[in-house]
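Protein sequences, first through last, are from chains A and B.
At position 155 of the first sequence the residue is numbered 154 (numbering that gives the first Met the number 0), and the sequence of numbers has no breaks.
At position 322 of the second sequence the residue is numbered 321 (numbering that gives the first Met the number 0), and the sequence of numbers has no breaks.
Simulated from the structure, these hints should not be mistaken for lab results.
The beta-carbon is built from N, C-alpha and C at its ideal position, and this holds for glycine as well.
Certain hints may be false.
Ranges of calculated distance between the beta carbons of each label pair, as one might list FRET restraints [claimed, not checked]:
1) S26(A) - W117(B): 54 to 64 Å
2) S26(A) - K130(B): 48 to 58 Å
3) W20(A) - D108(B): 29 to 39 Å
4) Q48(B) - L104(A): 21 to 31 Å
5) L104(A) - A35(B): 21 to 31 Å
6) L24(B) - S26(A): 37 to 47 Å
7) A35(B) - V65(A): 44 to 54 Å
Over the 12 Å line for every Cβ pair with chain B, so calculated as not near, a few chain A residues [unchecked claim]:
8) G24
9) L27
10) V31
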Amino acid sequence: MPYILGLLVLLAAVAMARRGWSFYGLSLEDRVEHPDFRKLRPSGSIGMGYGFVAAGLVILNLSYLVRRLIAGSNRLGSMRVWLDLHVFTGLMAATLVVFHSALQLRTPIAKTSAASLAVVVLTGLIGRFLYALTPPDASRLRLALDRLEGAAPGARLQATAILDGLPAPRLPANASLVRSLISVPRWRKVAALRASALRVLEPPRAEATPEVRAAWRELHKASTAEARASGMAALLRSWRGLHRFFALLMLIAVGVHAGIAWHYGYRWIF
Amino acid sequence: MPRLLVTLVVCALVAMTADRAEAQLLSPGPLSTAHASIDGDDHCDECHQSGKQVVASRCLACHQDLRARLDAGAGLHGKQYKGQACENCHVEHIGRKAKLVRWPGGAPDKLDHDLTGWPLTGKHEPVGCAKCHTKQSPLGKTQYVGTKATCASCHKDPHANRFGSDCKKCHDDRAWGDFAKDKFDHAQARYPLTGKHAPVACEKCHGTPAKWTGVAFGACDDCHDDPHAGEFKPKACAACHQTSGWESASDLMRDQHPWLSLRNGHARVGCKQCHDRGNDKPPSKGKACVDCHKAVHEAPFGNRCDGCHKAIKWLGLPEQIGKDAHPKTAYPLEGKHQQVRCASCHPKAKPASARYRQLTFDRCAACHADRHAGEFATRAAGECAACHTVGGFAPTTFGPPQHATTAFVLDGRHAATPCAGCHTAARPRLDWRQPKRACAECHANPHGDQFAKELAAGGCASCHATDDWHQPRIDHATWPLTGKHATTACARCHGETKGAEAAAFRGVPRTCDGCHDDVHGGQFRLSPPVRLCEDCHTTARFTLPGFDHAAMTTYRLEGKHAAVACARCHLPSELRNGVAATRYRLGYRACKDCHANPHREDAR
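Between the sequences and the hints, there should be enough to build the whole structure, so can you do that?
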């Protein structure tokens with residue numbers, strides 16, 4: 000589904016760029032004489048439509064926050080789907096805003112909105128990446144140890160001793176972004192030490208059955224994930240705060256921009 | 000951390016807007032140079048209106064000249080863009096140096112001028128824009144709006160506005176010289192074409208090639224030859240002829256006929272009836288009226304009939320002519336007769352033969368009715384002139400001298416009494432018979448029956464004359480009026496007649512105290528020796544300049560006493576009867592009664 004949504008955003012961007020290709024490439028003065036000037040300018044029928052749809056998508060995008068407030072309810076769909084929609088509406092809105100502005104940022108409000116939107120999109124994408132890196136839960140390591148014990152009886156004890164000797168760094172839940180970032184080398188180092196220590200215990204490749212090799216491979220991954228779990232969770236949390244701040248800034252700027260436009264009668268089809 | 004983030008963001012925003020000197024937050028971009036004065040967030044409402052985007056009325060609030068053009072539906076805007084939003088063409092907020100005007104066609108000289116409602120045709124077609132659009136905007140740019148469409152706004156009027164401002168009446172835009180001669184209204188020129196001149200071809204007067212200025216037209220012979228060979232010079236042709244044709248001059252010539260009018264009676268006379276030797280020669284019979292007409296007047300009015308009959312009318316002349324001539328008749332008009340309309344005496348009802356010469360005028364009654372109905376038929380043979388003149392019936396000449404011929408002579412005050420004072424009959428007061436003769440028939444008796452005997456004997460005239468009621472002939476010998484009494488008004492003793500109470504002429508007191516008060520408080524009246532007023536006083540005056548103190552009193556004034564003023568001894572005091580008066584009866588005899596003793600022991 001993320002790919003489908005991404006494809007939709009891409010298609011929309013290509014369609015809008017194709018529609019105004021001859022227009023967007025002109026200077027401001029030359030655009031006035033373009034036949035589609037009255038349609039594609041920000042206050043034009045199409046240009047303003049982009050803006051209104053973008054504003055609607057931004058409002059839809061915020062529904063993700065509501066979904067997060069009631070995270071326990073499964074009847075509203077999984078958080079992953081909601082996050083995908085959140086990313087899709089955000090990217091689509093950003094794309095529409097780019098074409099609504101006709102690739103021109105002429106007012107401080109527009110610049111602020113655009114900059115905020117860019118930061119929001121950027122931080123969103125990074126956040127999405129961090130989200131992907133964050134282990135879903137702590138049971139993975141336990142399951143990996145159980146699988147190893149099944150494939151190579153006795154190995155679990157040795158592995159547990161190594162993992163206990165190299166504990167994962169812990170960060171408090173309210174750790175700042177900077178602190179979270181600072182802690183990244185530490186948990187990377189722990190992960191690396193864990194990996195090298197476990198590799199000592201691992202039987203030679205020629206002697207191990209495929210099942211044993213797979214069990215060891217899964218233990219490597221699970222131990223690495225467990226080593227970074229705390230720091231990654233703190234980093235994701237801090238990053239989300241940054242994302243929200245710029246989102247709030249963007250919302251204020253968009254609100255001012257839309258309010259002024261609405262006040263002076265630029266109301267598209269409404 | 001959040002503080003650091005906010006600070007960074009604010010700094011970023013400031014950096015983004017730093018390139019904008021005006022630090023505009025809301026404006027989507029700088030306005031063009033023409034609108035630079037209203038650039039900025041404080042001026043949004045100069046063009047924008049809440050809920051209505053950019054409204055034309057706000058643009059036109061400044062562009063008043065354009066508003067007038069739009070309202071009139073004139074010019075490029077009025078004809079092509081009326082009702083459209085200004086910003087459709089004049090796009091703003093795209094930079095200070097951006098073009099605000101985008102000409103249809105790309106440039107002013109490529110504009111299809113038909114769109115303005117003023118197509119460029121003929122000679123106008125190749126003319127550059129700047130030749131006509133000479134006004135400049137405050138920014139020094141050519142201003143196209145408001146260029147006047149009249150010819151005179153660009154072209155100088157060589158006719159000095161003689162033919163008005165609508166050049167198109169004669170000219171079109173192909174060439175000035177090739178104007179529409181058939182449309183030219185010659186009436187507006189200094190020489191209107193009338194009569195036979197109207198159909199004459201232009202070339203006949205203006206020549207070939209045509210010469211439109213400097214053409215002489217002051218005199219007829221500037222164009223026409225004189226067939227009279229100068230016989231009537233220096234008289235102008237127009238004195239006899241008019242432009243309706245040489246032959247149609249008779250009416251004009253009648254009006255212009257020298258020394259004699261050809262109107263009225265002469266209008267029926269043919270030219271040849273008088274001009275037996277040709278129209279340009281005087282009649283062989285002569286010029287005087289009597290050379291043709293027989294004099295009919297018996298009065299000596301002379302032979303110049305036109306003195307009165309200038310308009311060649313025997314009858315029906317203006318009244319003033321008749322009035323001016325009337326002194327020459329047997330009845331000169333004088334007084335009120337000069338104001339009378341002719342028809343009053345010469346009524347049209349009478350035949351002309353009897354209207355003037357057969358009138359009788361020896362008696363007033365020939366024209367005037369007798370308002371007195373024959374009352375005075377026996378006086379002066381009934382002729383009005385005994386009492387009236389032609390100056391008017393009123394006032395009459397019948398005055399007191401004439402009244403003396405009646406039974407009642409007007410003398411004294413009667414002579415000055417208005418007629419209506421006695422002849423009080425209601426209108427018409429022309430009944431002059433007045434039977435009253437006695438005084439009492441007109442005058443009231445103010446004396447009651449005090450003078451019944453005198454009235455019975457001789458009436459009022461016993462005492463009064465007509466000269467003055469107040470100067471009666473009274474014999475006051477029974478009580479002679481001497482001294483101050485002679486000049487005292489009668490009423491001081493007799494009183495005045497007031498209404499029904501008549502002045503008293505009988506029983507008036509004869510003694511002094513009948514009229515005068517006793518100012519001495521009874522000193523000489525109530526105590527002996529009694530003195531009467533006349534013992535000391537005379538009617539000449541009350542003061543006593545020659546009072547003989549020795550004879551009249553028992554105290555002789557001697558020595559220094561003779562020169563002492565009376566008032567030194569006779570002082571005002573209260574008498575025994577309580578009356579305040581100058582005390583004359585003093586009763587002093589001894590010196591000490593008046594003088595203090597300077598030799599008294601206690602006086603040293």
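Now the hints, each set against the structure:
Roughly 35 Å separates the CB atoms of S26(A) and W117(B), a value that falls outside the hinted 54 to 64 Å. Here the CB-CB span from S26(A) to K130(B) is close to 34 Å, at odds with the stated 48 to 58 Å. Evaluation of the 29 to 39 Å hint for W20(A) and D108(B) yields a pass: the beta carbon distance comes to about 33 Å. One distance hint, 21 to 31 Å for the beta-carbon pair Q48(B) and L104(A), holds here, with the actual separation near 26 Å.
Between L104(A) and A35(B) the beta carbon distance is about 22 Å. The supplied range of 21 to 31 Å therefore holds. Our hint of 37 to 47 Å for L24(B) and S26(A) is violated, since their Cβ atoms are close to 24 Å apart. Roughly 48 Å separates the CB atoms of A35(B) and V65(A), a value that falls within the hinted 44 to 54 Å. The beta carbon of G24(A) is kept farther than 12 Å from every beta carbon of chain B, the shortest such distance being approximately 16 Å.
Against the 12 Å criterion, L27(A) falls within the reach of chain B, whose nearest CB is about 4 Å from its own CB. Not every C-beta of chain B lies more than 12 Å from that of V31(A), the closest at about 5 Å, which undercuts listing it as non-interface.
Of the hints listed earlier, those the structure fails to meet are numbers 1, 2, 6, 9 and 10, in rising order.
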